[in-house]
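Participant: Residues 6 to 272, numbered by this note's numbering, are exactly what the sequence shown covers, in order.
There could be a bad hint or two in this list.
Cβ-Cβ distance ranges computed for the label pairs, FRET-style [unchecked claim]:
#	residue 1	residue 2	range
1	R181	E217	26 to 32 Å
2	C178	A106	32 to 38 Å
3	R114	D86	17 to 23 Å
These are calculated hints, taken from the structure and not from any lab test.
Note that CB positions come from ideal geometry on N, CA and C, so glycine has one too.
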Amino acid sequence: MNADDRRAAGSADATLTGVGVGPGDPELLTVKAVRVLREADVVFVPVMADRVETTATAGPTPPGTDAGRAERTVREYVAADRLRRLPFALDDRGGVTARRAAAWDDAARVVVEAIDAGARSLAFATIGDPNVYSTFGYLAQSVRALRPTVRVATVPGVTAMQELAARSGTPLCEGREPLTLLPATAGLALFAEALAGPGTVVAYKGWRRHPELLAELRRQGRLADAVLGSSLGLPGERIGPVDDTADLPYLSTLLVPARRDHRGGKL
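Build out the structure end to end from the sequences listed, making use of the hints.
Facilitator: So, in structure tokens, the structure goes:
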């Protein structure tokens with residue numbers, strides 16, 4: 006058996022788990038999420054590629070460097086020396102750019118190196134849920150391309166739309182109402198079409214498109230019911246009516262509830 010075969014065989018008992026850590030409040034992690042994080046040999050956390058050095062690092066965040074939201078959340082449960090930061094081109098807005106693809110490949114190589122060094126339980130902490138607009142899917146696919154025998158698992162987490170619904174007292178869906186979740190980056194037409202329908206509409210990542218979304222809400226008479234949330238569970242949290250705010254963060258959530266005339270009207 007050559008070296009490549011030995012590495013492939015060794016990765017057969019390794020598991021990479023995407024762990025949803027919620028929108029930012031450490032108390033929203035599930036019991037299972039905390040257990041998986043604590044039992045992992047190494048916990049990877051995503052950060053902006055331009056915030057840190059281009060390769061993964063371990064240990065406390067360097068002075069002057071902002072930790073990512075996922076890292077700040079899991080620090081409540083995981084010692085700093087078990088955290089490793091993986092830089093991703095999270096701020097690229099041009100689809101699968103060369104920079105973004107290179108970051109996925111680099112991150113996958115770091116994960117594989119940890120497996121080859123003996124790690125068998127590896128966790129990747131992602132805000133929200135690992136199966137809802139998460140970087141984890143790209144990482145897992147890239148790791149499996151290098152080590153097809155690595156097992157991939159996920160632990161669900163509370164999403165930003167659930168947290169915003171809870172904090173604002175706004176039910177997401179009732180009876181036969183549909184629920185549409187979309188990224189504002191997909192364009193105004195998709196948002197406008199969903200808004201004209203019978204259900205609740207939730208838009209993520211609306212920061213740069215906020216003026217367009219605001220105008221469409223006004224055009225369709227849905228502005229008064231809409232709720233905007235940003236930095237949920239963190240210092241500087243904002244939850245309230247939609248307005249002309251110009252400095253929204255990238256991770257903002259817009260919730261437009263279905264039109265409801267009376268209790269149980271959609272049953």
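Participant: Taking the hints in turn, state whether each one holds.
Facilitator: Okay, the hints, checked on the actual structure:
1. R181 - E217: 26 to 32 Å: Since the Cβ atoms of R181 and E217 sit about 30 Å apart, the hinted range of 26 to 32 Å holds.
2. C178 - A106: 32 to 38 Å: Hint holds: Cβ distance 36 Å, inside 32 to 38 Å.
3. R114 - D86: 17 to 23 Å: Since R114 and D86 have Cβ atoms about 21 Å apart, the given range 17 to 23 Å holds.
In summary, the structure agrees with every hint in the numbered list given earlier.
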